[in-house]
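Trainee: This is what each chain is made of:
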Amino acid sequence: MNMLSLQHFPIYSIMVLFLGAFLIVIFGQNKVFRHTVALLATFASFFFMAMLFKPVMLEGQTIAYWLGNRVPAGGYAIGIALEVDALSLFFGLLVSCVVFVACIYSIQYMSHDDNVPQYYTLFLMLAGGVMGLVLSGDLFNMFIMVEILTFAAVALTAFRNTANGALEAAFKYLVVGCIGSTCILAGTIVLYAQVHTLNLAQMSALIPGNLSSATKLAFALLFIGFCTKAFLVPFHPLAADAHGAAPASISVLISGVLTKSGIYGLIRLSYFLFQSMALGTMQFWLVFLGSVSMFVCVTMALAQHDFKRLLAFHSISQIGYVLASVGLCTAFGISAGLYHAMNHTLFKGLLFLAAGAVLHETGTTDLGKLGGLSKKMPHTTVLFLVGAFSISGIPPFNGFASKWMIYQATYQRAVETGNIGFLLVTICALVTSTLTLASFVKVTQSVFFGQLPKEYENVKEVPFGMRLAMGILAAMCLVTGLLPNMVTRYLTEPAARAVFSVVDYINNMMGSGYAQSAMAAQPLNPDVSFASAGVWSPVSWLCLLMIALLAVTIVAIAGKYDRVSIKTPENRSGKYDLFYGGEETVYSQVGGDDLFWGFKHNWRHYFSFMHELHSGVVNDYALWAVVALALAIVYALIVL
Amino acid sequence: MILEAVKYLAYVLIFPGFLFCFLTGLLLSGIDRKLVARMQKRVGPPILQPFYDFFKLCGKETIIPAAANRTVFLMAPLVGLAGLVVLQLFIPVFSFTAFSSVADVIVILYLLLIPALSIMIGGGATGSPYAGVGLSREMVTVLSCELPLVLVLLAVCKKVGAATGTGLCFSLTEIVRYQMANGSLLGKLSMIPAAVAFLMVIPGETGSHPFDAAEAETEICEGMLAEYSGAPLGVYKLSHSVKILSMTSLFVMLFLGGIGGGIQNLVLALGLAGGAAGALTILLDVIVLFLLCVILTAVAISFVHAVTARLKIEQIFKYYWTVVSALALVSLVLAWYGL
Amino acid sequence: MDFPFVKEAISQLFSKPSCAMYPAVESIAAPRYRGRIAFDPTKCINCLMCERVCCGGAITHTVEKTEEGDKITRSFNLGCCTFCAHCMDFCNHGAIQLTQDYHMIATKEEDLIVSGTFIKKPPVKKAVPPKPAAPAAPAAPVGADAPGGPKETAAPAEAPKPRDDGKPVQDPAKCVYCTICARKCPAGALTVDRAAKTWTLDEDVCVGCGTCAAACPKNAIIM
Amino acid sequence: MFKKLIEESTGKSPWLFHINAGSCNGCDIELVSVLTPRYDAERLGFKLAGSPRHADIVVVTGPITAQSLPRVLRSIEQVPEPRCIVTMGSCPQSGNVFRGSYSICGPLSKYVHVDVDVAGCTPKPEAVIDGLALATQILQEKRRAMK
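Chains C, V, P and X are the protein sequences, given in the same order.
Heads up: the first sequence is residues 1 to 640, going by my numbering.
Heads up: the second sequence is residues 1001 to 1339, going by my numbering.
Heads up: the third sequence is residues 2001 to 2223, going by my numbering.
Heads up: the fourth sequence is residues 3001 to 3147, going by my numbering.
Take the hints with a grain of salt, since some may be wrong.
[Claimed, not checked] Part of the chain C face toward chain V, derived, beta carbon under 10 Å: (1) T162; (2) A166; (3) W404; (4) Y456; (5) K460; (6) P538; (7) I547; (8) V552; (9) Y580.
[Unchecked claim] Anything over 12 Å on all C-beta distances counts as not near chain X; from chain V, calculated: (10) S1101; (11) L1284; (12) I1295.
Please keep in mind that the hints were generated in silico from the structure rather than gathered at the bench.
Predicted, not measured: the structure shown is a model, and the values here were computed from it.
For every residue, glycine included, the Cβ atom is placed at its ideal position computed from N, Cα and C.
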């Protein structure tokens, strides 16, 4: 049992984060010490996860680790276990990578904030909580990790308590977050009473046997609990407030990482604990919830005035994509969904960092007041455009590859089952993708293009550290977009295969042969085929585009295309002013709300209804949460 | 290997690539302007007028406004044109497809976004308020054309997929091969509403007359192109014409593929040697495709241009999301239940 | 949702376009089209009427003293002309005609100037006979016959002979010195003094236009 | 070869930009009537452009009122290089009947080199077509003169 065997790496990657948090609390005053500890901790956790990549992903090994070496005795798992199969490792890698990049960004981003040591402790606590949730093999341990990350996220939302609405947003998040956590706790308790164990593997062996009404209640509670963590439809407004007020590096964590933990919880719950995905009604529930939140949040995003609130609504709409495709219960669907989850973390992180850069330089993220920043902040504009193109699914970038796979998965599912509902999901997904493009064109025009207002004349580029972080994410967006088959073969397909291999998940944890003896019904394992009907090779498309672009530019240069006469703007003769119908050039920025009048006019009833619904009052959101819980319980009792 | 590379380079630069798009695109828009004039009892410009316009614009000075972002201002039109030409490579010419294994129908749906995005980013980069309004209208037009286009493509894929037994067929060459085997899709009952809907989408997607609120020269001084002059403007006008070609040839390939089969039988009937037969089929394919594109431009773009007045932006959106989408939905449901 | 022009569009597609193929097919303006001005210097008598009525101020003239008379060049600037044809109407001698020619394209300023010059011979000054003695005043010394009767006006002098150079002559009998003729004279050649009952004509300025004769209520002026 | 092609096509596709500097609209409707089916200037390649950046020939009508003077000059200045200025009717040429008024800023030639003037108080459409054809030739020479 030497300390460096693979068994110990999961616990190392969690503990190193908590250790870092603890050290910063004590020695956090010294700036250099604080930054090195934070960077080291996040990098170490990423390093341990990367070390697990070969054994788990390629060789299909599943690592079980019992804290305190309390191995299950007599068929009962007493100790707390960490279980890392391909699915957990996929999420673990994703989380640790984004946390590391966010840490690089926040060193300079938070440099001129006050009481920064607390920021890093909470940052590392949040990271540790999510890593713990993703790697843990024990339901109660998952609950504890959920508690840690919720409270860390609430505290970080209110970190800049002078910012407008930060405290209120944190309070809202706290109230609904706690409702979710209590639901998870209640569900865990009821399950424990039924199957007398807390170990995920053992529970997934025992629960399908005795689906009494109590376990169905527990399922509903757990389901709503994880939905609040993923900010799905009934709980999405509080995400917008949380992102609006939180510092950008924290928004990266909340939208990139926290929502994924909710999705991870849902996958574990419906595919492992209850193995209920074989039921058509269960799939309908997940896919319906996904497509509703996909559509509602993108239309809400179009109506936003604030840059970060717009991004927040988009992150929930993308989570809707992931849920809709994971809920299809086909191997190709799950792999597409996980691929999109990874892409979403990357480009959403990039976009939030860009929003942070804009906030850092201009001090506001109000779309109506900004404009023309591309001349002052060229690098941030390019990086933002990479993020915007990826999220709206423009070919060379990664958003397109995963969305393209999602359309195929939903459409193939529709053809297999012959049920037209999935077809509506494909149509809704395609239309939502264009609406996403519309809202990002709106942001590009109102923030980066158009005319520079007077007060931002002396805005300059963001410090290098922030641009480095954005650069890393942008590069990853491009790379994962160009090599979809590489990514799917090494990352998402093993994870999808792991989702369906419940039996060896249990055997690995509880000792071989346990699953066969304990399990009543044989768990579902459909044909794990990843054949996709469409064909798309981005690398060859990109070099075709490059050849065409090269040819066009050569012809243009030959034709003295760049023989453009632009004198220096000092001699401001009228020739280089904008054409205003002959008038003097005055400041008139077209952006923010005066865009897409045609679309908003046609949907004005829908938008006014949505406006009333999202009242911003805590009681309404809490009411929605409770109503959603009630509906979930009723549905679970009927369905399961 | 070198021969292979040269062949592919020839594909990109000569046949379905630049030269072909340049000539046929400008010819199509010349014919379109002539037909519109003739429908208004005017003589109308010569067919080669777009060529003259393009070369004149190449000769003019390019003024970059001080408020504009210089590199984006210059590179946006080129990226738009390159994206459009690469899109044309994936659209088969009946039996011949330049690059069949690179993109399928959904990818083409997204590749159509690149030229629209390039004109929006280029227009936005100039910073002119006219461009801002034009950009907002262009995005709503793209938004409105998206839904019917999606429904039509899904219907066609389902129809061909069900017929060829794989349940779903996204690749365009497959669709054309199926049509060459057993008659073009326009003959099937369930595909007629889809074809009509696609015909209605063509003017919206290319931004020609009744749906050109984005480049309304009378209201917002040519919208996003207000600040463009000289060669970049020429490239934008060229990509507008090439878009007419790509939309009409997409229609031909989706609904009139059967004609390719007819050409093949004709060539077989002539009983030529292998090599010559191949060349002849390609030649005939290109000619027939061009003629069909001319007819479609006449019907879908010129006739509608001559008869209607420019719509307001919310009328465009309402028109596409109600009338045209309903048509496409009808054909999707028919195709769904195996008609 | 009606499309009003569908029928026309289709039918016009196959019918001949209604274009007057202008550069190829020459097109003549309407018969009484007011186009380019044609000026016939010979007819012009430099009565300046056209300059007075021209609202655009397009007509100017220059006078140049030469030995055989005034060399007058009248020029019409088509760039300032509104083609209202007032000058044509007011020219009693028909020197100005507006033709049907509408091709008035110019790259230089001068192309738009239509001008004509003519020599205006000075009035032939006959050897002016010595001023005949004042017409015999009625023999005042002859005793006033019938002094009580109405004062016999002078025997009606016979109507004065019109002068041969076309200038007005006053008939003192009829003239009541109402000064209308002086005010009407375009050239300001007449000065009439009501009190002193004097009527003097300035031959050099007078152009013999006849306005005074026309305006005189008592037809006391003979041309 | 390419340069000759450009020069030839500069002559074949001149785009007009119409500036109304206080005109009584007589010349404006006459200019637009040139594009109607009866006279159809489009068969010679003429087309009304929406913004000065697209224009080759600038057609100015009206007696350049004081209010419109700065706007006219700024619009003309924003037209890219090989360009011609055509004044239509007598007003821009001399101020016509309005000459000498306090609100007229005099003939256009005081401020900008006018290439072609089409005289006539509302010149006939045929005269306008002649004027524009002459302007197109001047345009071609200017294009040939450019480097």
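Trainee: With 12 Å as the threshold, tell me whether L1284 of chain V passes as away from chain X on beta-carbon distances.
Mentor: Label holds. Min Cβ-Cβ 31 Å, cutoff 12 Å.
Trainee: Hey, does the K460 of chain C contact hint survive, CB to chain V under 10 Å?
Mentor: With a minimum Cβ separation of about 16 Å from chain V (threshold 10 Å), the hint on K460 of chain C is violated.
Trainee: Does the CB of I547 of chain C sit less than 10 Å away from some CB of chain V?
Mentor: Since chain V brings a Cβ to about 5 Å from I547 of chain C, closer than 10 Å, the hint holds.
Trainee: How about Y456 of chain C: closest beta carbon in chain V under 10 Å, or not?
Mentor: violated (14 Å)
Trainee: Run the C-beta distances from S1101 of chain V to all of chain X and say if the shortest one exceeds 12 Å.
Mentor: holds (37 Å)
Trainee: Quick one, is the V552 of chain C hint okay against chain V at 10 Å, beta carbons?
Mentor: holds (5 Å)
Trainee: Grab the minimum C-beta distance from Y580 of chain C to chain V and call the hint holds if it beats 10 Å, violated otherwise.
Mentor: holds (8 Å)
Trainee: Take the shortest C-beta to C-beta distance between P538 of chain C and chain V; is it under 10 Å?
Mentor: holds (9 Å)
Trainee: Under 10 Å is the threshold here; is the Cβ of A166 of chain C close enough to any Cβ of chain V for the hint to stand?
Mentor: Violated, because the Cβ-Cβ distance from A166 of chain C to chain V comes to roughly 32 Å (cut-off 10 Å).
Trainee: Closest CB-CB distance from I1295 of chain V to chain X, is it above 12 Å?
Mentor: holds (23 Å)
Trainee: Let me know if the C-beta of T162 of chain C comes in closer than 10 Å to any C-beta of chain V, holds or violated.
Mentor: Cβ of T162 of chain C sits 34 Å from chain V, so the hint is violated.
Trainee: With a cut-off of 10 Å on the beta carbons, see whether W404 of chain C makes it to chain V.
Mentor: holds (6 Å)
Violated hints, in rising order: 1, 2, 4, 5; the structure is consistent with all others.
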